[in-house]
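Peer 1: Could you build all of it, start to finish, from the sequences and the hints given here?
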Amino acid sequence: MINHEESSQNTFHEPEHPGSSGPLAIRIWHVYDKPIPAGYRVLVERLWPRGQRKTDLSLDNWARNLAPSTALRQWFHHDPALWEEFRQRYLAELQDRVPEAQALLTAAAGQDLVLLYAAHDQQHNGALVLADFLRGLVQESHDQQHRATKLGN
Numbered sequence: 019m020i021n022h023e024e025s026s027q028n029t030f031h032e033p034e035h036p037g038s039s040g041p042l043a044i045r046i047w048h049v050y051d052k053p054i055p056a057g058y059r060v061l062v063e064r065l066w067p068r069g070q071r072k073t074d075l076s077l078d079n080w081a082r083n084l085a086p087s088t089a090l091r092q093w094f095h096h097d098p099a100l101w102e103e104f105r106q107r108y109l110a111e112l113q114d115r116v117p118e119a120q121a122l123l124t125a126a127a128g129q130d131l132v133l134l135y136a137a138h139d140q141q142h143n144g145a146l147v148l149a150d151f152l153r154g155l156v157q158e159s160h161d162q163q164h165r166a167t168k169l170g171n
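Under the working numbering, the first residue of the sequence shown carries the number 19, and numbering increases by one thereafter.
What the hints contain is simulated information worked out from the structure, not anything from laboratory work.
Bear in mind the structure is a predicted one, so any value in this text is a computation, not a measurement.
Here are the simulated distance ranges between beta carbons:
#1 99 <-> 55: 30 to 36 angstroms
#2 97 <-> 128: 37 to 43 angstroms
#3 102 <-> 53: 30 to 36 angstroms
#4 150 <-> 99: 17 to 23 angstroms
We put the CB at the ideal spot given by N, CA and C, even for glycine.
Peer 2: Next up, the structure:
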């Protein structure tokens, strides 16, 4: 069983996201580990996880468009030797999906954002990259608000 709660890498408390009622925590969770934590639960895979019924996951969203492209996923094939290049290519793909990523953050406002992934490798999967990307968006938004506040005073 993969327990992400013990890893500080997988639970990350953020500054407040615009429109939220408090700090946003981004959590990463394997779909096969039960129970799935409370929060805004989002499957971040292009394909539905084998052996999982939709009712078992209690999803709030299935963000297929934020998952790695089919071509990138097939190229990577979960080979740890390709991890760094996969990470860079996926981040480049995500740059074209900023509106969808921001919409996801807004939808999760006031709740933990739980990114659900199906890959067997907990250290080399798209959810980790997506979480880092989302953290960057939140931090960027926080920094912009901070600068605007300073300029306004």
